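Numbered per the working numbering, the sequence shown finishes at 379, counting up by one with no gaps.
Some hints could be false.
[As the list claims (entries may be wrong)] Just the calculated beta-carbon pair ranges, DEER-fashion:
1) 277 / 372: 45 to 55 Å
2) 373 / 284: 15 to 25 Å
3) 284 / 337: 31 to 41 Å
4) 377 / 314: 41 to 51 Å
5) 180 / 371: 34 to 44 Å
6) 376 / 236: 45 to 55 Å
7) 377 / 186: 26 to 36 Å
No wet-lab data here; the hints were simulated from the structure. Computed from a predicted model, the values in this text were never measured in an experiment. Cβ atoms here follow ideal geometry from the backbone N, Cα and C, with glycine treated the same way.
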Amino acid sequence: MVTLIIREVHIFLYGSRDRRNIMSMQPTTNSISSQHIRREISAPPWRGVTVTSPYIPPHEIENYSAPFYTIDMHVSRPYRLEWKQNGSYRGTLMTPGDLCIAAAHEIISMRWRDHLNIISVKIAPSLVIETAEAMKLGCNVEIPELHGASNTQIAHLCHALWLEAEAGYPTGQVYGESISVALTTVLLQRFGIKHVAQSTAESGKLTPRCLSRVRDYIEANLERDISLEDLAQIARLSTYHFARCFKATVGSSPHQYI
122 MVTLIIREVH
132 IFLYGSRDRR
142 NIMSMQPTTN
152 SISSQHIRRE
162 ISAPPWRGVT
172 VTSPYIPPHE
182 IENYSAPFYT
192 IDMHVSRPYR
202 LEWKQNGSYR
212 GTLMTPGDLC
222 IAAAHEIISM
232 RWRDHLNIIS
242 VKIAPSLVIE
252 TAEAMKLGCN
262 VEIPELHGAS
272 NTQIAHLCHA
282 LWLEAEAGYP
292 TGQVYGESIS
302 VALTTVLLQR
312 FGIKHVAQST
322 AESGKLTPRC
332 LSRVRDYIEA
342 NLERDISLED
352 LAQIARLSTY
362 HFARCFKATV
372 GSSPHQYI
């Protein structure tokens, strides 16, 4: 059996609610067994982001979904990555510094046939929501699934987070948290897709695309206990803002609608 070695650092942002969320960040489908993971570094000096540097064997992931945003930066020799798009696989050559980006709760499928090493940054939805609202984007921006993307700023910020963690956090908490916010801001600025529709912040209502995303999530999860926080994260809004906008849009509160 091949052992997957992960050097992991946990960071928490915005209080106890997000500490609970980050600690429970587990993929919903087709996750790699915990028996294949050995943590070399584990410490919580920051808040809001998880940084890992895993060595990963050849693997195929089918219909994978996770409750966090992911930026994976390739740092080993070039390899071919394939991912499913519209029912068929596409491929690209990943070289050092190339990025794979996935949004929270999006279903992805991909495969690779080489051993590889990445720096992986997982961002809590709350950090993306707070940053998007501060940028006046609200629900009017989405992060698409990307493979083989390139951005020097994001690469430098991911590398800086890992170097700080690997060194034992010599610069302190403010430094790490500042990098996390900067990384999220650049992610939204560089790769966020803005929609033409009037934004949630301007109208006080959910955009049609945002409402459709929320309804699809509700329909797919009727058998489980859906929380207001779950729906707010799907809408990429704070729970308070989401509850107000949802009621203004559909005429009933979220719990009445469900």
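Hints and how they fare:
1. 277 / 372: 45 to 55 Å: Since the Cβ atoms of residue 277 and residue 372 sit about 47 Å apart, the hinted range of 45 to 55 Å holds.
2. 373 / 284: 15 to 25 Å: violated, 49 Å
3. 284 / 337: 31 to 41 Å: Given about 39 Å between the Cβ atoms, the range holds.
4. 377 / 314: 41 to 51 Å: violated, 31 Å
5. 180 / 371: 34 to 44 Å: For residue 371 against residue 180, whose Cβ atoms are near 41 Å apart, the range 34 to 44 Å holds.
6. 376 / 236: 45 to 55 Å: Given a distance of about 48 Å, which is inside 45 to 55 Å, the answer is holds.
7. 377 / 186: 26 to 36 Å: Holds - the Cβ-Cβ distance for residue 377 and residue 186, about 27 Å, lies within 26 to 36 Å.
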